[in-house]
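J.: For reference, the chains in residue letters:
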Amino acid sequence: MKRPIAFIATIAVTAALAVPVIASDTVKIGALYPLTGNSAPAGQAAKAAIELGIEILNAAHPELKGLPLAESAGLPNLGGAKIEVIHVDHQGDPSVGQQQTLRLITQEHVAALLGVYHSSVALTATAVAERYGVPFVIGDSVAANITQRGFKWTFRVTPIATDFAAAYTQFLKEMKATGKKVDSITVLNENTDYGTSVGGSIVEVAKKGGFDVQQIVYNAKSTDVSAQVLQLKEKKPDVAIFVGYTADEILYMKTLRDFDYMPTMIIGDDAGFSDPSFIPAVGDLAQGVLDRSAWAAGAPGSVTFAINEMYKARTGRDLDDTSGRWMQAFLVLADAINRAGSTDPARIQKALQETDLKPAQLMMGYRGVKFDASGQNILASTYLIQLQGKEYEAVWPEAHATAKLQWPMTGWK
Amino acid sequence: MTRWGWLPLAAALLAYPWAVAGSDSAAFLQDMGALVLLAAISAAAWNILGGYAGQISVGHAMFFGAGAYMPLLVYQHWQMPPLLGVPLGIAVSLVVALVVGFPTFRLSGHYFSMATIAVAELVRIVVGNWDFLGAAIGLQGPARARGWYDLIFRSAVPYYYIFLGVLALLLLVAWQVQRSRLGYYLRAVRAGERAARSLGVPVRRYKLYALMLSAGFTSLAGALYALKTGFVDPDSGLGILVSVQMIIIAALGGAGTLLGPLLGAMILVPLQTATNTWLGGSGSGLTYIVYGGVIMLIARFEPGGLLELWHRQVTARLARPGEVRHAA
Amino acid sequence: MILLQVVVGGLLLGALYALFSSGLTLIWGMMNFINFAHGEFVMLGMYAALLAAAWIGGGPVVFGLTAALGLFFLGVVVYFALIREVMRGPMLAQILSTFGLALLLRYAAFWVFSPNFVTLPHPALAGTISLAGILLSIPQLVAGLAAAVLTIGMHLALTRTAVGSQLLAVAEDRNAAMLMGIRPDRMQALAWGLAAASAGIAGALMAISFPFSPAVGETFALTAFVVVTLGGFGSVPGAMLAGLIVGLIQALSAYWFGPIYKDVVVYGLFVALLWLRPQGLLGTA
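Top to bottom, those sequences are chains A, B and C.
Here the first sequence is numbered in the working numbering, starting from 1 and rising by one per residue.
Here the second sequence is numbered in the working numbering, starting from 414 and rising by one per residue.
Here the third sequence is numbered in the working numbering, starting from 742 and rising by one per residue.
A couple of the hints might just be wrong.
Not everything, but these chain A residues come out facing chain B in the computed CB check (under 7 Å) [what the hints assert, rightly or not]:
1. Lys-47
2. Val-88
3. Ser-95
4. Gln-99
5. Thr-106
6. Gln-107
7. Gln-148
8. Arg-149
9. Thr-162
10. Gln-214
11. Gln-215
12. Gln-287
Part of the chain A face toward chain B, derived, beta carbon under 10 Å [stated by the list, open to error]:
13. Glu-130
14. Phe-151
15. Ala-177
16. Gly-179
Per the computed footprint, the stretches of chain C lying under chain A, defined by three or more beta-carbons under 8 Å from a beta-carbon of chain A, are [unchecked claim]:
17. 746-758
18. 867-878
19. 948-954
20. 998-1010
Calculated from the structure, these hints are not laboratory results.
Nothing here was measured: the structure is a model prediction, and the numbers come from that model.
Quick reminder that beta carbons are idealized off the backbone N, C-alpha and C, glycines included.
The shape of chain A in the complex, shown without the other chains (with noise of 0.2 Å):
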């Protein structure tokens, strides 16, 4: 610690500050989402993610077993207290971010933070809670930088691109060696930080995995998506892997469609194919394409059913897998809060380097939840789900799929 002063004045500040939260009974947590402009829709959806999360806390919830803390009500080692979250509009800008995890944290007297969605936030947001000393959680930005600063106060809990570009080549490792032609694979990623990173790390990964890689850049919010098609085309790919938003995904199935070109499998990171709004659009254009989500309701009975009927209820259409990680997310940090027993950032800090969750207490299907030095989760991970008939439906890894994986793709025929 190079200035043991501010240090301590910090230590100070925080213990001060929070005395009269633990009078109130209630928790205070701060959560940043973009709740306008382009990513709008991510936002409100994890809006309402949050806030099941919070019903789901500060009431009983039996029928929720295994999952820590939604059978009690409130926080047990907090005498019950409930959970409060403000909910704040980040817009997307990386300024607003800093300004209102700054009045969080000074006028709100938060205990932690979540967010945020857009990596340029994630690193300018953290940045104010390092400073304060205030613990911030990561529900979804997947930039690897954000946890490679040395930062104490930052937590990720979702898998970033590396991990997903492990995933991809991993499961087409597998399909190759059970005889399928997967030798060359194109990838089409948007060029915004979220497609040039997870484009980037698959690019890479997949090469060292000995396939024949190419890639397709090209600028979100397009209108128009045919010279990227007739490129796929003319390559031939056995695989193309999507990496893009909800507009220009459901863009690239209509023009694949009046193209006639139909890749041997497509695979979806996310994003736009997870956006409810997708398969309404273009779901029987896209049978038998594959996403990347480490969400799957499961069957009726299980825990992460009732979840998403629960969001169904709320919101009229199911759960995602980016509002599913944001929801997972929080529960991990009512669940270190708790632990901590305290609402002293310091406490919840500690207990949140001393998370170690279980599968069978998630709801996401991560390995578990255990953060390294860095504040990144070790266990984060994800599966493949297929899109067959009206819904999707996990197929890989085979431990935890629903159904049996279909290859290749039917698409619209």
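Given the coordinates of chain A, assemble chains B and C onto it according to the supplied hints.
T.: Okay, now just chains B and C, sitting in the frame of chain A:
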């Protein structure tokens, strides 16, 4: 504004961080104060070209971006203090201003505006695909201060006074410009380019001077933004909204006036923050309905900017002759 | 063959650009007014089509008519409530007011329709046809051709009818027109109505094949600015030509240089052309 009328304003600005220090939300209000000053700097810089000379640039984001990128670039690649990138950013933006100024100054009115939009978008797209400049992912500053020279402070107060210093310098320069031959020439250009030329004003040369001055200070604003935020990406540094924000603030307060941009920033930035803080969490989009509605109404009922309203109300009531103002 | 495919696709999209830009160029040329909310008019046309599909049903003709009527009304209201006053102020007030209007409209749609992407319930129009080896999606073909016909129709209406000549007379010389007994106020309101309606129809036609959300307007506004400036302010034939050129350049450069370069090429050529020919392709200096 009377001769000493600016004194109370200066005193209020100097005292602001202390005045709010006792408040419940001191840190937040001080931070907002710094953001107001930053917005005022950008808008006042834009005002030199867009206000005095009447050349409506919708592409000033390229200068802002040059200023914001360079400090973080020298850190990202060579671990140098971001501060060292500031003069570099100004130099780059002056070069860009020269390169862009020569061809676009042949254009006037809306053609000039559209050309500046196109050039700025071009720059944004190119930077967004250029790995050395961080591409779409952007550039970061140091996560923690390695020493005072990294200019990373927990409190916003040091930023506030740095920004205030820069704003004072800029307003001083703008005031000198207003009184100098440059200022008269620029106003002549705004009133009518052909007439100005026929009176012997070297129009293109003086427009270029105004652009260079404007670009230099805009890039300084960008640099201050990057130092405070510690991050820049193509949208936050070079997006069209960055340019539009400068225009709106200047126009709101009163383009072509000395204090209009400051007044615009003092109204618009708190308005943005307040609508987002109070209405943003609901996620209904009400933030922008209110924000958009307010600027629309101001344009509808006070098209010359709010400073004009001030002059009408206050100066007229005090029955003192106001500073000679030129119709925009 | 693939090249031909790219060319045809680009031209069909370009025809849509031409349609919504022709409205913008009309008010731009007539009143020397930049409308930053024009992309939002296109977006509202898309939602008008969505409402028509939900309440009335029918095909592109119904969608287009609904959008045209709704947006014409909106355009006239905007003119009388806002533009008429703002016009008298400085140019900056135009930017301020229409930018505020754009935010207001975008987020009003956001509030009413949610930020989520929607597509029109199919099958409004679907399928592809093969013409001489070129595969064309029927919705895009219909949209592109309809847009071309409407843009030409608009040009003819402006040049061949009495009302059209009155409109152009106001554009040419407001005071002279007044002396001739034309009421510029009405003509300008009509121009705003027509501009919004053309944007609305273009939106409705695009809605058939594109997914959309309240945020789509921004992209279209920038495209329209380029097309209008390229074609020359006030020139509908210019907007038509420039729209087709922009569509074509985007398609070809996306195919030849890669999709991320298509806007770079468009903006680059745009700046170069402005420098060489500041009055636009078909504009007069």
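J.: Give a verdict on every hint.
T.: How the hints compare with the structure:
no.	hint	in the structure
1	Lys-47	6 Å, holds
2	Val-88	6 Å, holds
3	Ser-95	5 Å, holds
4	Gln-99	6 Å, holds
5	Thr-106	4 Å, holds
6	Gln-107	4 Å, holds
7	Gln-148	10 Å, violated
8	Arg-149	4 Å, holds
9	Thr-162	14 Å, violated
10	Gln-214	17 Å, violated
11	Gln-215	13 Å, violated
12	Gln-287	32 Å, violated
13	Glu-130	7 Å, holds
14	Phe-151	7 Å, holds
15	Ala-177	35 Å, violated
16	Gly-179	39 Å, violated
17	746-758	holds (count 5)
18	867-878	holds (count 4)
19	948-954	holds (count 5)
20	998-1010	holds (count 5)
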